[in-house]
Each structure stands twice: as C-alpha cells, then as structure tokens.
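Engineer: Let's have the full structure, built from the sequences with the hints guiding it.
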Amino acid sequence: MVFSSLVFLFFFLPVFLLCYFAASPRWRNAVLLVGSLIFYAWGEPVYVGLMALTICIGFFHGKWVDKVRGDKRKERWVLISCVGMHLALLGFFKYADFAISIFNQMTGLQVPLLHLPLPIGISFYTFQTMSYTIDVHRGQAPVQRNLVTFGAYVSMFPQLIAGPIVRYQDVAAQMEHRTVTVDGFVQGIEHFLWGLAEKVLIANNIGVLWEAIQAAPSLSVLSAWLGAVAFAAQIYFDFAGYSDMAIGLGRMMGFTFPRNFNDPYCSQSISEFWRRWHITLGTWFREYVYIPLGGNRRGLPRTVFNLAVVWALTGLWHGAAWNFVCWGLYFGVLIILERLFLGRWLAKWPRMLRHIYAVIAVLVSWVFFACDSMEQAGRFLQAMFGGAMLWDAQGVYGLYTNLPLLAVIVVCCTPMVRRGLRTLRQSGPVGRTVVYGLCMLAFFVCIAYLVDATYNPFLYFRF
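The sequence shown: position 318 = 318 (my numbering), numbered continuously.
By construction, these hints were calculated from the structure, which means they are not laboratory data. Built from N, CA and C at the ideal position, the CB exists for glycine as well. Please note: incorrect hints may appear among the correct ones.
Unchecked claim - Computed Cβ-Cβ distance ranges for the label pairs, DEER-style:
#	residue 1	residue 2	range
1	R298	F10	51 to 61 Å
2	V411	A173	31 to 41 Å
3	F385	A215	16 to 26 Å
4	V15	R344	52 to 62 Å
5	P117	D183	38 to 48 Å
6	G295	M389	40 to 50 Å
7	P117	S5	16 to 26 Å
8	F10	T179	26 to 36 Å
9	D263	E211	20 to 30 Å
10	V451	Q110	43 to 53 Å
11	Q105	L441	46 to 56 Å
12	R145	P25	16 to 26 Å
13	V451	G343	47 to 57 Å
Claimed, not checked - With a straight-line Cα cutoff of 20 Å, these simulated EDC-like cross-link-like pairs (lysine to aspartate or glutamate) come out:
#	residue 1	residue 2
14	K94	D372
15	K348	E338
16	K63	D170
17	K63	E75
18	K94	E44
19	K63	E176
Structural biologist: Spelled out as structure tokens, the structure:
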C-alpha cells in the first residue's frame, strides 16, 4: 500500500485515525503498532515476521546494553551482536544474490541465485533499529522497556517504507507523551497534501516522459538530456513528496519528524547538494560511520579514506548492483575533490556557474542510478555527451509537449511556492482560507488523477 493510493486515502487512513483518536493516550502506541503492522502486511504479509524479529533484536539488545552498563568490554560485544544480526538480515535479503553473482564471476561456478523478494522498507527500518541500540550505548537515548512502544517506533507506518530515517533519540520523548492540537493536525494535513501533489501531479506525470525515453531504441543528445532531467525530477518529487506525506501524517498524530529535503536542486556544489538531499540518510552515515571512523580528525589521507568508505556504502545501501556502487563513489570522488581543491575554485566562480556545475554533475549521477546496468548507463552517457545525433523527433516532441510541466518543475524545485504559502498562511484569516482552498483543490485534482491513472509507481520500493 502506498500513500498515493485510493485504498489508503479513503479506507486505511480514515479508519486508522478514527481508532487512534478514539483510544486513550496510553493506548495510542498499541493502536499505532497494530495499524502499522496491518499497513505493512497489506503489501508484504510474508515479511511481517522479519519485522517482528528486527523489533525484538533491537529491543532486547537495548535492554542488554543497559544491563551491562559500565562494563565497556561487555557493552562492546552487545553492540557487535546487535549490529551484526541486523546487518546479517539486511545482507541476506538484499545482497545475497549480488554476492553470489560476484562469486560466480570470480570462480566460474554456477551457484544458483536465491531470487528473494526484497522486504519493503528493510533498508530504512534496519538503520533505525541499529541507531537505537547505538544511541543507548552512547547514552544519547534512554532505554525503552516497553516492547509495544518500541515496536510502534520501528514499524511506524508514516516513515516505514521510505523514511525519513528517524533516530530514536529524536522521538524518544514523543513516544512516551505527545500532544495533538487542532492547529498541528491542520498543519499535518497541509504537509500531507503538498506531498501528495508533488507525488501524483508532478512525479507521476514527468515519470511518463522518462519511461518513454528509457524505452526508446535509440537516443539523440536532446532526448538523452531530456531523459536525465525527467528522471531527476521524478525521483525528487517522488521521494520528497513521500517524505512530506510522512512528515504530515506524523504531525497529525503528534509527532515531529525531521525534514528530509531542503530544495537540493538549488545547490551550488555537490557537498551542498548532499546537505539538502535525503538529509536523514546523510545524518545517519555521518553519525554512525564517518565520525566513528575518525571523520576529519586524523589527517587528510584518513579523511579521504573515510569519505570513500561512506560513499561506497551509501551507493550500496541504495541497491545491490555495481551501478549503485559507482553512483555512490561518483559522489564520493566529487566531494573529495571539493574538499581538496575544487571547493576553493568554485568559491571564485559566479553563483550561476556554480549552480550549473552542481546541476550537471547531479544529472550525470542519475544516469547510473536510473539505468539497470553499467552497460546501459554507458550508452546513455555516450548519447548525452555527443555520441549520437543532436536531436530526433522523440526528443523534440517530448520537450514541446512537456514544456508547461517542466516550467512548473523548475518553480517547485525552489522555495518560492512554500514561501508563498507560508506568507499567505501568516497574513490572516483571508490568507489561511486561500491556503485551505488551494489544499482542497490540490486534493480533488489528485483524486481525479488517481481514479483515471494506471501509472502510479514509487521508485524507492526498489530500495
């Protein structure tokens, strides 16, 4: 079940909210846990047991860390046990076939692949559960002694499928006590509807263009660049829209989730892009990988090594394929170069040139991410950089017919719309009424589209 589906909007969400608010505050975590498991089982009934196992591993290791508090050696072994078990589950379900294929290529053997379906959201809830035990070990989060409350944290359906990755230390107090106000609930609805519009009206429509270009037997320079722009827009409004819907749903229930995107395509460097894109993932890798490896405190060579490790893992986290590893290392190389000398050069460039550099570099990166193999990515990049005719009928037609949508995308990639809505909301009763009217209009247009549309993918189901 995805948020941008009619069954979620008109069945699951109303029934869940009715049960949630009908329950007394002390039972709301139990309602949240049951509702989240039903939400997950709707699409992945086989793997509910895997999630329950993940919850138990995190919960009992957290209590174990607290029990041996003060004995550094025992704490370390408990932590190794917890992280090892989580990574073993993630590795088995997500990377087993990738490892087997590498083994077969190296040895010439034909070990059969497992072809296991990837449990939805496993990359997200595994990272959340690991961060809980690590934070308890560090003394940055209190140990949770109620299994239901901890289960509600791990399985919480708003951010279960695609984040944001909510660390336990950020919501520990909210898991015990949270207040729902009318104003907060309304703000949550607004946030949800903005995300729904991003997903349904922008991501889905520009995704049709990307699908058409990807399926074309040949590419021109124009169609290749248009395809890269289309995918860049689709994945941003798809993922950011889903994150906004998650944040809005959390707000309706009294939670405050961290922001996950901050207008990343306005960046003027790749380092800045990754401070604005998938913020909670970057925070996770910084806090639990980069800093423990030594960060930038052990000299330049070690800093370069640490960044390379982080970005290789970032690519691998997104998918078990070499194109994802190359995608991560591509960003790692650019960030290392910016750290060494490129950043100083960029600082001397005009603002517009810095922005063009960042956008082109990001568009190139999405080719590795979007293509199913390195061979396909190579052909796409070759077409982008002159290895084909300059334009073709498909490219010209795609550009012409999508010009209005592309103009909307450019505007919505900036903070302009959000600032305008915020100014309206703060201007008084008339402004708030206009905002509510726009929200209702967006909702009805989205519903009309969903009723008639057959194309409603969610890209991060792959990860």
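Engineer: Any hints this thing doesn't respect? Which numbers, in order?
Structural biologist: Structure breaks no hint.
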